[in-house]
Each structure stands twice: as structure tokens, then as C-alpha cells.
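So the protein sequences, as listed, match chains U and H.
For the first sequence, the numbering used here puts the final residue at 457, and the numbers step up evenly by one.
For the second sequence, the numbering used here puts the final residue at 457, and the numbers step up evenly by one.
In case anyone wonders, no lab produced these hints; they're calculated from the structure.
Ideal placement from N, C-alpha and C gives every residue a C-beta, glycine not left out.
Mixed in with the good hints there might be a few duds.
Some, not all, of what chain U presents toward chain H, calculated at C-beta under 10 Å [what the hints assert, rightly or not]:
hint : residue
1    : Y126
2    : K135
3    : S155
4    : F179
5    : F238
6    : E414
2 protein chains.
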Amino acid sequence: MERILISETPKFIGQKVKICGWVDTVRSHGKIVFFDLRDRSGIAQLVFVPGKDQDINDLAKKINSEWVVEVEGQVNQRPAKMINEKLATGQVELLVENLKVLAESEPLPFDIKDLNASLPTILDYRPLTLRNEKIKAIFKIEEEVISSFRKILSEMDVTEFQSPSIIPLASEGGSEVFHIDYFDYDAYLAQSPQLYKQIMVGVFERVFTVSQVYRSEPSITTRHICEFTGLDAEMGFIKSWEEIMDTVEIVTKGIFSDLQKNRAKEIELLEAKLPNPNVSFPKIKMREAQKIILERTGKDNTSEPDLGPEDEKEICKYAKEKFDSDFIFITHYPVKKRPFYTLADPNDPEYTLSFDLLYNGLELISGGQRINDYKNLIANIEKWGNKIENFDFYLQAFKYGMPPEGGFGFGAERMVKQFLGLANVREATIFPRDMERIDQRLSLLQSDKKKDKKEI
Amino acid sequence: MERILISETPKFIGQKVKICGWVDTVRSHGKIVFFDLRDRSGIAQLVFVPGKDQDINDLAKKINSEWVVEVEGQVNQRPAKMINEKLATGQVELLVENLKVLAESEPLPFDIKDLNASLPTILDYRPLTLRNEKIKAIFKIEEEVISSFRKILSEMDVTEFQSPSIIPLASEGGSEVFHIDYFDYDAYLAQSPQLYKQIMVGVFERVFTVSQVYRSEPSITTRHICEFTGLDAEMGFIKSWEEIMDTVEIVTKGIFSDLQKNRAKEIELLEAKLPNPNVSFPKIKMREAQKIILERTGKDNTSEPDLGPEDEKEICKYAKEKFDSDFIFITHYPVKKRPFYTLADPNDPEYTLSFDLLYNGLELISGGQRINDYKNLIANIEKWGNKIENFDFYLQAFKYGMPPEGGFGFGAERMVKQFLGLANVREATIFPRDMERIDQRLSLLQSDKKKDKKEI
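Chain U with its partners taken away, still in its complex shape:
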């Protein structure tokens, strides 16, 4: 008999079927045992009534949560009072006739269905806790965010390319970069695909890339991790830098529209609230934002070169109150706070043609127009204290003709965190890496090594 999916069982009332999955829960009612069985499509109720076959009777008694089983039996309509409206298969149950164990499970360390463990424990047991329905739903949302990003840009005639992770120098500056022993040489992990996506504008005009990016974050915060999935786009022949913001708005709204269409079940389960698709994202200059924050809070940060986390929260509150928008573009960051490749505003050269898109209180997307003129770019690299020869490869793209261009990038995990209102970005990261953890806690895993080091 061919296996069917659990979601298909309501179509087979009165018929024999085979289903497979993990035992979600077991409830004994005297001799009769009820199992909930879980596969990728849903959950089914199995009813086991002991019969003549003593082997199967014994097996049914042994089976517990997370055992993997194959079951044959008849799909029956449930008695009216047993119907479970909340479950897609809640009007049927399967009367077990044959039962085969595909894999046993050891007793669980805690209940993964009704999970109330702390985040560190949830992460210590990630391979197990990922099986929780709500945690699973987070990563179905993330899958959709990424595939929707790709779909929307592909439809805009943007070419996808694979950006390398091993890079010869710390391209974006800053100390937050991981060093790799690369044969006899030094190499680093990419902090972003920035330089490569710019090079690729010279080839395909418009490109995007989905790549793992790395930040050696020396502190633990709820919004930073050491490895995340960067969604990056870059486009040439732009008429103005505002075209980049328009694209960001189209892409962001498109992602939420796809989530609504393709992940309604997960959105309902996680009680997430979709942003209003009819509101245009407001845009204000950073200096104006600081003035608004001063007016609203009395705190004067108007001479700061950037918005702090509290400022970001406050200006998002303002955007929500004034425009009913979960998003707000903050534009014109000071030249000093942006990387060397950012284009200065010709009308106000202390500030850049750059923006951040804030979402529900947190910076989500960064972008802007870049310097496409070869000589200006060289001058800026030197001004930022870098050696030209370290950028020879990248600079070829500009030496041989680069159109006006710009782009944007963001982390998939952070978008999911903000959408679902998760307290910590680690909850939106399948296997989060930070200074204390790569899968397991490093202090446990490499305790020998640390001891060795201390002894030296």
C-alpha cells in the first residue's frame, strides 16, 4: 500500500490507508489507546483497540512520543461529539489495524508540544525543539520570506548570483570580522556581499544574492548574531537614489503579500499581524527624526551622528501614530557613519544619499546610492584610510565603466523576528551562532581547549 499524507485522510473515509509519522502524544483510555500522529502535512488521531495479535498489542503499549511509526488502518468519521474543529483532520480518525515501528525514541527531556523551556535550553535541544509546531512555523515563514524575495526580484529581471564568503580583506572596515587560516595566507569571512554585488552590476545591470554573512559580534544582544542570511540587491542605471527606496517598498510589500497568500496557517498559529499594505512608507531625514524625538521625549540627541536603539523605537512609534505605518525610511545619514562607497548628497555633502528602513522599532534594511565614478571612489577609499591596492580587484568594475547604481540589504532572520514579534533574533535563526554557542555551548564543547589555553 502506498503511503498517503495525513492531510489527505479526510478524503478516504471508509477506506484503508497507510500513513507514517512521529507520535505526537499518547492517551490511554483503559484498553483503548489514542495516538496523535504527526507528519509534514498535519496531525491525525489514531485509535488502537487491542486485538488478537499480542505482538501488536505489546508494541502499542511501548510506543511513546517521537517514535516513528508506519500505520495501516481504516479512516472513520468521528462521532459528532469527538469532532475537533481546530484540527484540519478533526472530523476523522484512523482505526489502527497494522503498526510498524520505523524508529524508537528515548524519553523526551521535556514536553516539546507544550514548550515552556528557556531560550538557552530550547537552543541546546534545537534538533528536538525544532519539531514544535510553532517553532517549525517560524522557519516556514522564513523560507517564504527568502523565496518571495527571490521571486519578486527575478520578475523584475534581476539576475541572481552566488556571492563568495571567503574574502581577502575586511571589506567594510571595522573589527567585527572572522579570520580564516587560508593555506599560508590570511582570509576573512564576508561581512556582506557588498563589493561583489557592485562588481556584478557591471555585468548584469541588476543583481541579487542570498548569502550567509558573518559578523564577529563581541557582545550578546537580542538583535545580533554571528552568521545570518543576507538578502541583497543592487541595481544600475538608476535615475535617482529614490528608485532604490521604491524598490525596497515593492519588495517588502511583496514579501508580506506572499506570506499572506502562502503562509496563512503559520501566521494564524503564531498570531502575527500583517502590516497594512495600503500605507506608503513615510520618509524623513535623520536630522528631522532627531528633532521629532526631541519634541516627543525631551531627550536631545540632535547632535548624535546616528539613531540609537531607543531613538529607533520612538520614531517608529511616531510613524505608527502619525501614518499608521509599521515602517519608516530614515534618510541622509552623515557621511562619517556610512561606508566609503556611499554617495554624498550633492546638495548637502555632509550627508549621504542613504537610508535605513525601520520596522516596528528596529533597523531592518540599509541601502543607498553608491559612488560610481572611478576617481571619486579612489579618493574616498584613501580618505577612509584604506590602501587602494587592497581594492584593485573591486575597482576594476569602476575603472571600466560603472553606471549610476545603488542597492540595499537585510537579514532574513531580523525581518522574521520583527514580523512575529519575537524577543530575540536567535528564535528566528535555525542554528544560531554567537560568541557563546555554535550549536552547543562552546564552554561545554571546548572546555579542554580553553583549559589548555589558560595553562599556556
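We have chain U; now place chain H onto it with these hints.
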């Protein structure tokens, strides 16, 4: 005026349009200058006849290859004898009325249109040489291979996840792993997403991932690079290991079918030959393959534990001659030649339920059924000389119930290399990394550092 794409120009005969792009070539015929202009959609012929505006006349004289320009003018039907059948826009030309330089280019180091530089030179100038039409076409093919892989598996209800690159130990064994300085600890770059995709089978049953994978290859060959794009899938509840091979065949044929549909232009340009879609991939055991090779060549490798590169070529010749197949599955590799998680054949425990798919003389895809039983897996980890505690995290997936499962993986670059008949996998890698190169040649870039090291 809004910019139109060059491919749209034939629809605008007799009308004024604006187009943008890179100057591909310049040909002066007395006073009249012909430019070929290139954008992402194609190439257009521009005709410039000097007029009253001396500034534009001077500009037109200065412009050379790779300058980026914006042009306004009238689209005209070409005279009959000037029609170029080979060009999509070959029946029209644009009479230039207005000309604006968006970016200049320095003189090119060599002709990138008619490229006959050596591969090292092509890679030294990658940002420039990627603009060559044939090289560009390679990466449009690669884009399609990857997006087709995703599309086919998504349609099979397989969930995509993002596999991490930073790992706590060298999971697959072997010395070919890059070390990262990870705060106070050791970490490594993933050699494959193997352990993570297996964990994810416990969550979503069927998963795939597109991830950068890393091999610290200590020698230079035409088929190895240090960072490549791994296309990996893993599926639970398989009825037999042959289901994995069936999936490999469906995915492989699906990719070529999508290439034919969506990349016909590039396939024609690169003169690539699509495999015959109607031939089933033949399957033979490794020991049988060795016997066939002995019969065909007289060379006796029948006691070798693996096929060498020459063996792979010979058995592919055989598959082509006997089955008209560009592909052949080699199955049942010896237990010793496969990683610890590979399932042994219950009928012949010296051999595994594993396979390689060879394509045109080279190993392309590896896969097989895995050990899903927790106790067997632990026993094998120890047998392979590894410490159980190093695999605690991974082992959770099996401790708490893992169905029978298997999967496969391959490098996108290698598939493109074999399809296009390229001599070196670097040609199919946008920014290849090897022991001598990360973008630039390391000996040039880091010569100071190497000297320092020697002095120590």
C-alpha cells in the same frame, strides 16, 4: 523620456527612444561613427552623424569601449544589405540625436569581446571579463541550474532551509577543512550541510538547501575549488535507497529541461549539447564497473576501493556507447570509502547503499541512504574513530526518532562545467577561490605577509 531596453527597439521603428548601456565596439567610417551599445537585454547598433552641436561631436569622438552612455534617438529600419540576421535587433539601428556619458572607462587591457587571454589572466580581470557575452552566458546557465533545483524540489513538497557555514567540528572528517578563529574557540567552515540536512529531516521530513561549502584543497586540479555552491537534498520516509536515485534522476532531468526552456539563447551561444531526456540513467555496482573497465582497457583496478578519474572517464564512455547515456550511476561503494553515516547493504555489509552519479566522465552527484537507527549510528561514529560527545547535537535528531532517510548533493559549478564542456571548474565559478587565489593572486596581494612568516 523613459529608458527602454535594447531588445524592445524593433517595436519602436520610426519613433524616438532612450536607451542606456555600455559601448561594446566603435567603428568610424569617415565622419559617421557606428557604436554597438550593450545592455542587459542585448546589443543595438547606433549611428552617429556629426551635426551642429560641436560638444556632442567631440564627445562622440572620445567615447570608447565600456563607456557607459545614455542615448536618445530615432529607431530606423536598416537598409536591406545592412540587416544582421544574427542579432535580435539586426533589422534596426538608432540614429543618435542626443548623447550623455554616464561613466567613462579607461582603455581596456585587452579585447574583452574577442577574448583569447589565458585563464589566469581572465580571472585576474574577472570584474571586466565577466562582461564578455559567453562568460556572462555561463552564469545565466548557473543561475538557472540553481533556481531550477529549488523549483523542482519545492514542487515535490520539500522545504528549503538555510544551513550554517560556521561549524564546531570537522564533520565529515579529513584534513581538508578551513579553521576559523572564533572568539576564544576553534571553529571550521562547513565541508557540506550534511549533518544539518539530516537534523532537518526530523523536522520537515524533506529538505533542501543551497549553501556555500568549503574544501581546503591543497592541490590545484581542474575539478576542485575551495568554495563552491552546494545543492543538497535529504528525504525521510523513503521506502528504499533507490528512491533517492529516482529523485536524483528527476531533478537532473528537470534541470536540463528548464535549461532548454529558459536558457536556449545561452545554450546556442555556448554550443552546449543537452543530454537525451528519454534515456534512463543506467546503474551498475562499483565492482562491476571495475570489471567492465578491465575488459575494455586491460588495466586491472578491480581491487581498488574506489574509481579513479581515468576509471570514471572510461565507464562514462561505456555508458555512452552502450546506453547512449551521458550519465551513469555507480553504486555500492565500499564501507571504508564512505562517511560514518552511510548505511551498509544488509545483504553485503562490506558495501554501502550509496551511489555516485557520473556525468560526461566526472563524478557529479553523491548520495545514498543514511543510518537512521540511533544505536547503529553511535557505534559507527566510534568505529570511525570519532568521539561521541562531539556529535551530541547531531545525535539528538536520531535519539528522538528519525525515519529511514537518505539524500544527495552536488556542486552547481561542476554541473555547469560538465554541461558546457569547460576545461576547468574555475571557468564555471564567478569568483573562484583556490590555494593561490582569492580574487587576486595571493602571492601578489599578501607578499609582505608571506615574507614576515618566513622570517619567523
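Hint status (Cβ of E414/U to nearest Cβ of chain H, threshold 10 Å): Hint on E414/U: holds, closest Cβ of chain H at ~9 Å, below 10 Å.
Quick check on S155/U please, does its C-beta sit within 10 Å of some C-beta on chain H? holds, 7 Å
Should the hint that F238/U touches chain H count as held when the rule is a Cβ pair under 10 Å? holds, 5 Å
Tell me if the interface restraint on Y126/U is satisfied: Cβ within less than 10 Å of some Cβ in chain H. holds, 6 Å
Are F179/U and chain H close enough, Cβ to Cβ, to be under 10 Å, as the hint says? At about 5 Å, which falls below the 10 Å cut-off, the nearest Cβ of chain H leaves the hint on F179/U intact, so it holds.
Interface hint check: K135/U, Cβ to nearest Cβ on chain H, cutoff 10 Å. Holds or violated? Since the shortest Cβ distance to chain H is 13 Å, the answer is violated.
Figure legend: structure checked against the earlier numbered hints; the only hint not met is number 2.
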